[in-house]
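S.K.: First to last, the protein sequences are chains A and B. Anchor point for the first sequence: position 139 equals 180 in my numbering, and the numbering is continuous, going up by one each time. Anchor point for the second sequence: position 26 equals 806 in my numbering, and the numbering is continuous, going up by one each time.
It cannot be assumed that every hint is accurate.
Claimed, not checked - Ranges of calculated distance between the beta carbons of each label pair, as one might list FRET restraints:
| # | chain 1 | residue 1 | chain 2 | residue 2 | range |
| --- | --- | --- | --- | --- | --- |
| 1 | B | Glu864 | A | Glu251 | 38 to 46 Å |
| 2 | A | Asp89 | B | Thr829 | 53 to 61 Å |
| 3 | B | Thr811 | A | Pro70 | 42 to 50 Å |
| 4 | B | Thr847 | A | Glu115 | 44 to 52 Å |
Everything labelled a hint here was simulated from the structure, so no lab data went into it. Using N, Cα and C, we set each Cβ at its ideal position, and we do this for glycine too.
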Amino acid sequence: MPAVEAVCQLTDVVVEIGGLPIRLRSTDPDFLGLIQRRYAGYVNPTGDASFDFDVELAPPGTESGDEEVQVKWEAGRWLMERGDFRAEWNPATSHGRIQQTINPYSLDSVLRIVHTLLLARTGGFLVHASSAIRNGRAFLFSGVSGAGKTTMARLAPPDAALLTDEISYVTRQDGRYFAVGTPFFGELARVGENLRAPIEAVYLLAKGPENIVEPIDGADAVRGLLGNILFFARDPEFVEMVFDAAFDFVRRVPVRRLTFAPDARVWELIV
Amino acid sequence: MNNKCYVARSTAIAARVLGEETMVMSAVNSTLFTLDEIATIIWESADGTTPLEEIVVKKICAQYDVTPEVAVKDAELLVEGLTEHGLLLVSDQPIGITNSPAAETP
Numbered sequence: 042m043p044a045v046e047a048v049c050q051l052t053d054v055v056v057e058i059g060g061l062p063i064r065l066r067s068t069d070p071d072f073l074g075l076i077q078r079r080y081a082g083y084v085n086p087t088g089d090a091s092f093d094f095d096v097e098l099a100p101p102g103t104e105s106g107d108e109e110v111q112v113k114w115e116a117g118r119w120l121m122e123r124g125d126f127r128a129e130w131n132p133a134t135s136h137g138r139i140q141q142t143i144n145p146y147s148l149d150s151v152l153r154i155v156h157t158l159l160l161a162r163t164g165g166f167l168v169h170a171s172s173a174i175r176n177g178r179a180f181l182f183s184g185v186s187g188a189g190k191t192t193m194a195r196l197a198p199p200d201a202a203l204l205t206d207e208i209s210y211v212t213r214q215d216g217r218y219f220a221v222g223t224p225f226f227g228e229l230a231r232v233g234e235n236l237r238a239p240i241e242a243v244y245l246l247a248k249g250p251e252n253i254v255e256p257i258d259g260a261d262a263v264r265g266l267l268g269n270i271l272f273f274a275r276d277p278e279f280v281e282m283v284f285d286a287a288f289d290f291v292r293r294v295p296v297r298r299l300t301f302a303p304d305a306r307v308w309e310l311i312v
Numbered sequence: 781m782n783n784k785c786y787v788a789r790s791t792a793i794a795a796r797v798l799g800e801e802t803m804v805m806s807a808v809n810s811t812l813f814t815l816d817e818i819a820t821i822i823w824e825s826a827d828g829t830t831p832l833e834e835i836v837v838k839k840i841c842a843q844y845d846v847t848p849e850v851a852v853k854d855a856e857l858l859v860e861g862l863t864e865h866g867l868l869l870v871s872d873q874p875i876g877i878t879n880s881p882a883a884e885t886p
């Protein structure tokens, strides 16, 4: 009897962030392996997915230097483009296509865009913020590059579960806002823990000589938050949804200014 | 700018009233604008059918201690700025495209 050799070749990986499983198909096993390593902790082993993307790999060196992301709605699909990738996604069929070279960064950007588009429909958003869970409650530390997001993550006490040091994932459910772990990292280069907790407060970061927390209300809170929310699509309906989400969020979640010195004692103020 | 100009809110924006201010975000470039109390009056009255001068005289000069000449000039500058950013549409004829007024945040 001839020997039967079973060859099991990986054809896709399902990456699930914020409870949204996205299947990434590729004919290149090396690329799929790269995805599995990059999104470790966020790979859904069951293989069930709500959305499917076919990833077509272009030869290295075919990228252009254009760093501006273009996202537009055209003929029933979202078109996403940057110098290093081109993607489209049809929400009606839940199917999309990504063209990129073999690198993890392009896919990371496409996933961020797709999640902002999906989240907007449910009142959620992605925001430039590090976040952590402590005592069952999530805290966000928001600011532009250099404001101290990664510093706050580094200074976090041992009992804090780090969700991200770069891009926080905010979902809305039953009138409450939750922070969810993401694999989107910054300088810390560490994937966040795949956990979820209700958001207790958002701190807008500013560096200073001492640690001070001040409440921020109304328009200042909205301005501060909107300034850090990720906007990719220039679509009026999308912008309105995110805009409304920011207003609703500041009505329900305290927004505070945190001026801090790079010292672990700052976490004593995070309550 | 012609005194008989008509102004209408662009449809490519998102706007919400917060207290006495109005926050407007452009859908073209996601830029955020904050309109003060008087600019909010003009913004809310920009229905495309009421001339700017009439808005100023009836809704601003009637409430604030300012002459129509000064108020109209200030309003024209404001309208010019908002138009440059694509938040308002301006015409010497009534404009058909209008939004519903911005929803007030409770």
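S.K.: Now, for every hint given, state plainly whether the structure supports it.
M.R.: For each hint, the structure was consulted:
1. For B/Glu864 and A/Glu251, the Cβ-Cβ distance of about 42 Å falls inside the hinted range of 38 to 46 Å, so the restraint holds.
2. Taken as a hint, the range 53 to 61 Å holds for the pair A/Asp89 and B/Thr829, whose Cβ atoms sit roughly 54 Å apart.
3. Between B/Thr811 and A/Pro70 the CB atoms are about 45 Å apart, so this pair conforms to the stated range of 42 to 50 Å.
4. Judged by the Cβ atoms, the range 44 to 52 Å given for B/Thr847 and A/Glu115 holds: they are separated by roughly 50 Å.
Hint compliance for this structure: every hint is met.
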